[in-house]
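Engineer: The chain contents come next:
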Amino acid sequence: MYLSLSIDLAPGETGAEGFRSFTTRLRDIDAAAPDLVILGGERDGAVVPGRIEGLVNLPWVTGQIARAAVAAALPALHGLPFHVARALSAIDFVSGGRAGWMPVCANHDAIDRAYGAAYAIADGDAPAKYDDFIRATQALWDSWDQDALIIDKARGDYLDSAKVRRVEYRGPYFATMGPLNAARPPQGYPLLVRDLADLSSASDLPADIALLDVESVAEAEATIVRLRQAPGTAGAVILLKTGGAFALEAAMQVAGADGVHLTGLPDARTVAAARAMLPATPESDGTARARFGLAMPTNPFTQKALV
Amino acid sequence: MSRANGRLHLWAFLQGIGFFPGGWRHAQATPEAVFDRAYYERMGRMVEAARFDAIVFGDQLQGRDAAGRTPGRLAIPTLDPFTLLSAMASVTEHVGLVATVSTTYNEPAEVAAKFAALDYVSQGRAGWNIVTTAHPNSPWNFGETELLEKSLRYKRAAAFVEAADVFWGTASGRKVDRAALDSDWFQIEDTLDFAAPPQGRPVLVQAGQSGDGRDFAAKTAEAIFCPAPTMEAGKAYRDDMRARVAELGRDPDGIKIMPGLALVIGGTEAEAHARHKAVLELADDVLCVEYLSESIGYDLTQHRLDGAFPIDDIVAHCEFPAGDVSKMLAPAVDAGTSIKDFCQAYARKPRGHGIFVGTPEQMADHMESWIDAGACDGFTLQPGFMPLELEVFCEEVVPLLQHRELLRRDYQGPTLRDHLGLGALA
Chain A
1334 MYLSLSIDLA
1344 PGETGAEGFR
1354 SFTTRLRDID
1364 AAAPDLVILG
1374 GERDGAVVPG
1384 RIEGLVNLPW
1394 VTGQIARAAV
1404 AAALPALHGL
1414 PFHVARALSA
1424 IDFVSGGRAG
1434 WMPVCANHDA
1444 IDRAYGAAYA
1454 IADGDAPAKY
1464 DDFIRATQAL
1474 WDSWDQDALI
1484 IDKARGDYLD
1494 SAKVRRVEYR
1504 GPYFATMGPL
1514 NAARPPQGYP
1524 LLVRDLADLS
1534 SASDLPADIA
1544 LLDVESVAEA
1554 EATIVRLRQA
1564 PGTAGAVILL
1574 KTGGAFALEA
1584 AMQVAGADGV
1594 HLTGLPDART
1604 VAAARAMLPA
1614 TPESDGTARA
1624 RFGLAMPTNP
1634 FTQKALV
Chain B
171 MSRANGRLHL
181 WAFLQGIGFF
191 PGGWRHAQAT
201 PEAVFDRAYY
211 ERMGRMVEAA
221 RFDAIVFGDQ
231 LQGRDAAGRT
241 PGRLAIPTLD
251 PFTLLSAMAS
261 VTEHVGLVAT
271 VSTTYNEPAE
281 VAAKFAALDY
291 VSQGRAGWNI
301 VTTAHPNSPW
311 NFGETELLEK
321 SLRYKRAAAF
331 VEAADVFWGT
341 ASGRKVDRAA
351 LDSDWFQIED
361 TLDFAAPPQG
371 RPVLVQAGQS
381 GDGRDFAAKT
391 AEAIFCPAPT
401 MEAGKAYRDD
411 MRARVAELGR
421 DPDGIKIMPG
431 LALVIGGTEA
441 EAHARHKAVL
451 ELADDVLCVE
461 YLSESIGYDL
471 TQHRLDGAFP
481 IDDIVAHCEF
491 PAGDVSKMLA
501 PAVDAGTSIK
511 DFCQAYARKP
521 RGHGIFVGTP
531 EQMADHMESW
541 IDAGACDGFT
551 LQPGFMPLEL
561 EVFCEEVVPL
571 LQHRELLRRD
581 YQGPTLRDHL
591 GLGALA
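These protein sequence lines map, in sequence, to chains A and B.
The working numbering applies: residue 1334 is where the first sequence begins, and numbers increase by one.
The working numbering applies: residue 171 is where the second sequence begins, and numbers increase by one.
Among these hints, one or two may not hold up.
Said to hold, decoys possible - The list that follows gives simulated cross-link-like pairs (lysine to aspartate or glutamate, DMTMM-like), each with its CA atoms no further than 25 Å apart:
#1 B:K325 x B:D352
#2 B:K345 x A:D1445
#3 A:K1486 x B:D455
#4 B:K519 x B:D535
#5 B:K345 x A:E1346
#6 A:K1637 x B:E202
#7 B:K447 x B:E565
#8 B:K519 x B:D504
#9 A:K1486 x B:E441
#10 B:K510 x A:D1485
#11 B:K325 x A:D1445
#12 A:K1486 x B:D511
#13 B:K519 x B:E441
#14 B:K510 x A:D1493
#15 B:K320 x B:E392
#16 B:K389 x B:D354
#17 B:K510 x A:D1490
#18 B:K447 x B:E392
#19 B:K447 x B:E566
#20 A:K1486 x B:E211
#21 B:K447 x A:D1485
#22 A:K1486 x B:D504
#23 B:K447 x B:D423
#24 B:K345 x A:D1485
#25 A:K1486 x B:E392
What the hints assert, rightly or not - Covered stretches of chain A (chain B as the covering partner; in silico rule of three or more C-beta atoms under 8 Å from a C-beta of chain B):
#26 1375-1387
#27 1421-1428
#28 1434-1448
#29 1492-1504
#30 1513-1526
By construction, these hints were calculated from the structure, which means they are not laboratory data.
For each residue, glycine too, the CB sits at the ideal point set by N, CA and C.
Please take these sequences and the hints and turn them into a complete structure.
Structural biologist: What follows is the structure, encoded as structure tokens:
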């Protein structure tokens, strides 16, 4: 079973000493061999953006965490698709295709206040904006074909112009022309991680990885059956949140679960103990998609999903 | 500044594959490597070993296409600067990390959070090259259709930096005026809970050229990245900036003028010129035409390259302001110069920066003479192509600069503020 957890800077980890402690913690967690590390905090049981901005933190973290997939929790209702698509393209390249993103609506009131009056949004409107944010970002990744780059020095051909395009995305909240000034990420799209406890759960967008809150084995199994029929989660890796109301031992009994997400921002010892208990996952030095057995996304402009 | 910190500051501008548009085709260029972490780690370590102040990456907020056609012969993908600097932070301990970020299509909360993150993971090495966005295609990527007028862009930039500083000050316990959160441009109710940036905030860098830009830089910047094609131009710019800074009651030594300088180095002068010629020749006609096409937002590749500029069609359809484009092409139109000949000349001197061609000894002389003349406080080096030209500089010119006691032999502190001799924030 897959093993996931969240990491955030603790309030006490300040100054040079705090930085050393944070770095050591990351390396110890890496040694415990999780499959997914989410850069984010927790509030009321939901994943929220962390205390170190996720997109800037992620490239640094992948220098400390050498093998696991690493996903950044981001504010879904405040970011701009062009910036996010551009950053995640570079992040996926420099992390060797191990990057993921987890746009969240949780804690949006506090973030609204920091972004300003224009960003205030009613909870009921949040799922539609979440959806639009992700679709616009993915459209920008689609502005490049996976095989657009040629890089033939002798011929002087750098890329195939026919494989880069303006996408003219128009949604209810976001419009963006493209093309992106960055190539399509090695994974096509970096992994999309969703917390089903988040306000965004009303969205039907297909997730690569979904975190599920349950309180019993029976509830978990019934929910997984339902999620396997739902468009947003039919093909997703489903991870059960454990550590709170639901124990790791119980999660291991759930038919159809792909793994667990340890809540409570666990330390390395807890992660190692969980790793030792869970059925092993295959070793992976490849991309996050390869680790989780997820297919490459199809580019709608070419209908191709190159590996 | 202490003598041990040197009189000459060095920054490395490591955008893409280097300064010359055709440089990616050089036998010793490594264009594929710009997508690899290992390349950035190696560059970061090399620049740190050579005791540079900082590494700088530029940025754009638009695709590189001209009227929808993306060039096929230019090495265009330049990766997100925060990402590259964060990756480099994981393998270095001293060198500063300067990201170019626009105040035009961003929000103070997000930019403040990102620079706090970069400053935290680098433990005090972040710098912000503050720019405004003037490319006509950029608004379309952010749901808008019109650019902000120039003076308004600078007004927004000033309000943006002041608001961002409230976020940093609040996180790091520094005294700030929260009134800046509520301005003509921003109505911010509260700051974010993020890790305190060890420097208090990033070092503020600017690239102002126009009157508005210079005023903004004089008020805000601690270092300036600018073009200076000649020593005289550099001295005039530095004198003007120092005067503007002094007029505002700031210490003129608190702002470092760091003009761009491209370089091609050879063992002999003849060898350097041969290398320069060779790298220029790698830019073939179509590449040069694509390069100018991007600069005017009009696809010239659809026309006969040995023909004249179709100026009426260009003026009617170019994406950049027609007046600017007409002025730029007027010499070619008046003289009947062909598209390819004009584009070849244009691509030889990209972006108005000085180009040094010569031996390591001559380069050290060149740098020393500019410092002695008060034409700059150092240079933002733009290697002709990567990584070779930077490697040659670090191996052959840096020891000469250190021997002359122009460049530090060791860092005098861990932060970018230390390298620039700026002192702690008040």
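Engineer: The structure should be examined with respect to each hint, and the outcome stated for every one.
Structural biologist: Evaluated hints:
Note on K325 (chain B) and D352 (chain B): the hinted pairing holds, with a Cα-Cα distance of about 14 Å set against a maximum of 25 Å. Of the pairs offered as hints, the one joining K345 (chain B) and D1445 (chain A) holds, with about 24 Å between alpha carbons and a cut-off of 25 Å not exceeded. Between K1486 (chain A) and D455 (chain B), the direct Cα distance comes to roughly 15 Å. Compliance with the 25 Å bound is thereby established for this hinted pair. Taken as a hint, the K519 (chain B) and D535 (chain B) pair is honoured in the structure, with Cα atoms around 22 Å apart against an allowance of 25 Å.
Only pairs whose Cα atoms come within 25 Å are accepted, and K345 (chain B) paired with E1346 (chain A) is accepted, the gap being roughly 22 Å. Of the pairs offered as hints, the one joining K1637 (chain A) and E202 (chain B) holds, with about 23 Å between alpha carbons and a cut-off of 25 Å not exceeded. The hinted pair formed by K447 (chain B) and E565 (chain B) meets the criterion: a straight-line CA distance of about 23 Å does not exceed 25 Å. The hinted pair formed by K519 (chain B) and D504 (chain B) meets the criterion: a straight-line CA distance of about 21 Å does not exceed 25 Å.
Taking the CA atoms of K1486 (chain A) and E441 (chain B), the gap is near 22 Å; set against the 25 Å cutoff, the hint holds. Straight-line distance between C-alpha atoms of K510 (chain B) and D1485 (chain A) comes to about 22 Å, which keeps the hinted pair within the 25 Å bound. Between K325 (chain B) and D1445 (chain A) the alpha-carbon distance is near 23 Å, which keeps this suggested pair within the 25 Å criterion. Between the alpha carbons of K1486 (chain A) and D511 (chain B) the distance comes to roughly 23 Å, so the proposed pair stays at or under 25 Å and holds.
Proposed proximity of K519 (chain B) and E441 (chain B) is supported: the alpha carbons are some 20 Å apart, at most 25 Å. A C-alpha spacing of about 21 Å is found between K510 (chain B) and D1493 (chain A), which places the hinted pair at or below 25 Å, so the restraint holds. Restraint check for K320 (chain B) and E392 (chain B): satisfied, since their Cα atoms lie roughly 22 Å apart, inside the 25 Å limit. A threshold of 25 Å between alpha carbons decides the hint, and for K389 (chain B) with D354 (chain B) the separation of about 19 Å falls inside it, so the pair holds.
Distance check on the hinted pair: K510 (chain B) and D1490 (chain A) sit about 18 Å apart at the alpha-carbon level, within 25 Å; holds. For the hint pairing K447 (chain B) with E392 (chain B), the CA-to-CA distance comes to about 37 Å; that exceeds 25 Å, so the pair is violated. In summary, the hint linking K447 (chain B) to E566 (chain B) is supported, as the alpha carbons are separated by about 21 Å, within the 25 Å threshold. At roughly 24 Å between alpha-carbon atoms, K1486 (chain A) and E211 (chain B) fall within 25 Å of each other, so this suggested pair holds.
Restraint check: the Cα-Cα separation between K447 (chain B) and D1485 (chain A) comes to about 21 Å, which is no more than 25 Å; the hinted pair holds. Taking the CA atoms of K1486 (chain A) and D504 (chain B), the gap is about 36 Å. The hint is violated against a cut of 25 Å. A C-alpha spacing of about 39 Å is found between K447 (chain B) and D423 (chain B), which places the hinted pair above 25 Å, so the restraint is violated. Under the criterion of a C-alpha separation no larger than 25 Å, the hint pairing K345 (chain B) with D1485 (chain A) is inconsistent with the structure, at around 55 Å.
A hinted pair counts as satisfied when its Cα atoms are at most 25 Å apart, and K1486 (chain A) with E392 (chain B) does not qualify at roughly 40 Å. Residues of the segment 1375-1387 of chain A with a Cβ under 8 Å from some Cβ of chain B number 3, which satisfies the need for three, so the listed coverage holds. Three residues within the 8 Å Cβ limit are the bar, and the segment 1421-1428 of chain A against chain B gives 6, so the coverage statement holds. Only residues whose C-beta sits within less than 8 Å of a C-beta in chain B count toward coverage, and the segment 1434-1448 of chain A has 5 of them, enough to reach three; the restraint holds.
By the rule of at least three residues with a Cβ nearer than 8 Å to a Cβ of chain B, the coverage given for the segment 1492-1504 of chain A holds, with 6 such residues. Counting residues of the segment 1513-1526 of chain A whose beta-carbon sits less than 8 Å from any beta-carbon of chain B gives 4, enough to reach three: the coverage restraint holds.
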